[in-house]
Amino acid sequence: MILRVLASLIAGAGFAIIFSVPAGIIPLASCVAALGWLVYEFTSGLLGLALSVFLSSLIIGILSRLIATLKHWPLQPLIVVGIVPLVPGSSAFYAMQSFMSEDLFRAFEYSYRTFSSASGIVIGLVASSTVFNIIEKIIELSNKNNNI
Amino acid sequence: MAMRPEDVLFMMILFGRGIVSSGGSATDVEVALESIGKKNGFKTEVASTPTVIHISLIEPDGRSWSRIERIKVERPDFYRITAYRNLLREYLDDETSWVDIVESLKLLESTRERYPLLLRSICSGIAAMAFSYVFGGNLLESVFSGVITAPIFLLLSLIPSNRMLIDFLAGFMTTILAVLCGYFFDLNSSKIIVGSIMPYVPGILITNSILELANRNLVSGSSKFTEAILILVSLVFGASSAFFVAGGLV
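Residue numbers (my numbering), protein chains in the order written: chain A, 1 to 148; chain B, 149 to 398.
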């Protein structure tokens, strides 16, 4: 498992360079990718595909927003590199391959996996925005109370 | 000095064109352009799709200025997206004059790739190797995946062709080499293929399209989803053709 997490870190860094992410952002963005995959590895056996992808992308989203706020970096490269190991590229490929070879049972299975993963990522990222806003509000309120 | 509407519109087009062609989302473009319009006292209506931007500026007395721009889609470039975001922040915070911003935008538009092609090719190989391992390949299959991917990425980046043909060739070349490696070294060729096709598979495009659909950017989301499906069809058609050819070879 540790090797797979390390591989996801390397995959994230490789993709970051292909997509021309600024060099300063790459190390932390790759760490976000590795952490996301670690959460997925821990939870996929217990929670199933969609929920584990949701949880991973929720954590990736919150962490990316935190880093972007603290470092004044753009959010998009952090999130995109972070979710790279989770995006359903391989299952989308297999789904299309099964459709073309008229293996409809496998095609629908892979399509379901693709749709579940993509939806899990999207809902996780949208939820992370809300959770991060709530955390920000709580910190703001507690700072105000401390000043009073 | 207040900016003339045509100048505001020109700056908006430079921002919008740059962000969209660098792979930014419709939501990013609309938020950026509306903030420029608001700063200059205009009501702004923006409709952004991956290939066309439509901007309307409405003055307080009701007169309007409009422009439609066709966008040439390029591959995602986060260096440029970051630079556009920083320029926008500088403009909104009054750190730089609009004349300097426009000059910087023109310069940024002509910027070449951030990293050299050779480095990107090597990184595509490293990423493919890592993906093959993450998706259950053994060490040798992962290494073959990386070794196959880097030269194919380099070769296909040098071919001036349309995206569908590039994806077809990527699927074809990757699969044929993976099947040959599998045959000669007794490896699982599908584990090699799954790593090698990752730099071409539009996983991020699929996720972005659903994200845009969730944000009610229906035109942008559905057109990105269609593009992703076309890319997948090209890749799979290439891979299927290669299986057919390789079946005769091995």
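Note that these hints are calculated values from the structure, not bench results. Heads up, the beta-carbon is just placed ideally off N, CA and C, and yes, glycines get one too. Be aware that a few hints might be false.
[What the hints assert, rightly or not] Cβ-to-Cβ under 7 Å is the rule here; a few derived chain A residues that face chain B:
no., residue
1, G24
2, A92
3, I138
4, S142
[As the list claims (entries may be wrong)] Heads up, simulated BS3-like pairs for lysine-lysine below, C-alpha to C-alpha not over 30 Å straight-line:
no., chain 1, residue 1, chain 2, residue 2
5, B, K220, A, K144
6, B, K220, B, K187
7, B, K186, A, K71
8, B, K254, B, K187
9, B, K254, B, K191
10, A, K71, A, K144
11, B, K220, B, K191
12, B, K220, B, K186
13, A, K137, B, K220
14, B, K187, A, K137
15, A, K71, A, K137
16, B, K186, B, K254
17, A, K137, B, K254
18, B, K220, B, K254
[Claimed, not checked] Label-pair ranges, simulated between beta-carbon atoms:
no., chain 1, residue 1, chain 2, residue 2, range
19, A, L70, B, V179, 41 to 51 Å
20, A, S44, B, L302, 27 to 37 Å
21, B, V367, A, S101, 30 to 40 Å
22, A, M1, B, L288, 11 to 21 Å
23, A, N145, B, S370, 30 to 40 Å
24, A, L51, B, E251, 43 to 53 Å
25, B, K254, A, L46, 33 to 43 Å
26, A, H72, B, I206, 29 to 39 Å
27, B, L266, A, I2, 24 to 34 Å
The hints, checked one at a time:
The closest approach between the C-beta of G24/A and any C-beta of chain B is roughly 10 Å, which is over the 7 Å cut-off, so the hint fails. Look at A92/A: its Cβ gets to within about 6 Å of chain B, closer than 7 Å, so that hint holds up. The interface hint given for I138/A is violated, since its Cβ lies 25 Å from the closest Cβ of chain B, which is over the 7 Å cut-off. For the restraint placing S142/A at the interface with chain B, the shortest Cβ-Cβ distance is roughly 28 Å, beyond the 7 Å limit, so the hint is violated.
The straight-line distance between the Cα atoms of K220/B and K144/A is roughly 49 Å, outside the 30 Å bound, and the hint therefore fails. For the proposed pair K220/B and K187/B, the alpha carbon gap of about 28 Å is at most 30 Å, so the pair holds. Using a Cα cut-off of 30 Å, the hinted pair K186/B and K71/A holds, with the two alpha carbons roughly 27 Å apart. A C-alpha spacing of about 21 Å is found between K254/B and K187/B, which places the hinted pair at or below 30 Å, so the restraint holds.
For the hint pairing K254/B with K191/B, the CA-to-CA distance comes to about 25 Å; that is within 30 Å, so the pair holds. Distance check on the hinted pair: K71/A and K144/A sit about 23 Å apart at the alpha-carbon level, within 30 Å; holds. Under the criterion of a C-alpha separation no larger than 30 Å, the hint pairing K220/B with K191/B is consistent with the structure, at around 27 Å. For a cut-off of 30 Å, the pair hint linking K220/B to K186/B stands: about 27 Å separates their Cα positions.
Between the alpha carbons of K137/A and K220/B the distance comes to roughly 41 Å, so the proposed pair goes past 30 Å and is violated. Straight-line distance between C-alpha atoms of K187/B and K137/A comes to about 26 Å, which keeps the hinted pair within the 30 Å bound. Simply put, K71/A and K137/A have alpha-carbon atoms about 19 Å apart, close enough for the 30 Å limit, and the pair holds. Distance hint between K186/B and K254/B is fulfilled; the C-alpha atoms sit about 22 Å from each other, no more than 30 Å.
The hinted pair formed by K137/A and K254/B fails the criterion: a straight-line CA distance of about 39 Å is larger than 30 Å. A hinted pair counts as satisfied when its Cα atoms are at most 30 Å apart, and K220/B with K254/B qualifies at roughly 16 Å. For L70/A paired with V179/B, a C-beta distance near 22 Å fails the hint of 41 to 51 Å. Between S44/A and L302/B the CB atoms are about 35 Å apart, so this pair conforms to the stated range of 27 to 37 Å.
For V367/B paired with S101/A, a C-beta distance near 33 Å keeps the hint of 30 to 40 Å intact. Checked against the hint of 11 to 21 Å, the pair M1/A and L288/B passes, with Cβ atoms roughly 20 Å apart. The hinted range of 30 to 40 Å is not satisfied by N145/A and S370/B, whose Cβ atoms lie roughly 47 Å apart. Hint check: L51/A to E251/B, Cβ distance near 50 Å, so the stated range 43 to 53 Å holds.
For K254/B and L46/A, the Cβ-Cβ distance of about 53 Å falls outside the hinted range of 33 to 43 Å, so the restraint is violated. A hinted range of 29 to 39 Å for the beta carbons of H72/A and I206/B is consistent with their spacing of about 33 Å. For the pair L266/B and I2/A, the supplied restraint of 24 to 34 Å holds, since their beta-carbon distance comes to about 31 Å.
Hints 1, 3, 4, 5, 13, 17, 19, 23 and 25 from the list above are not met by this structure, while the remaining hints are.
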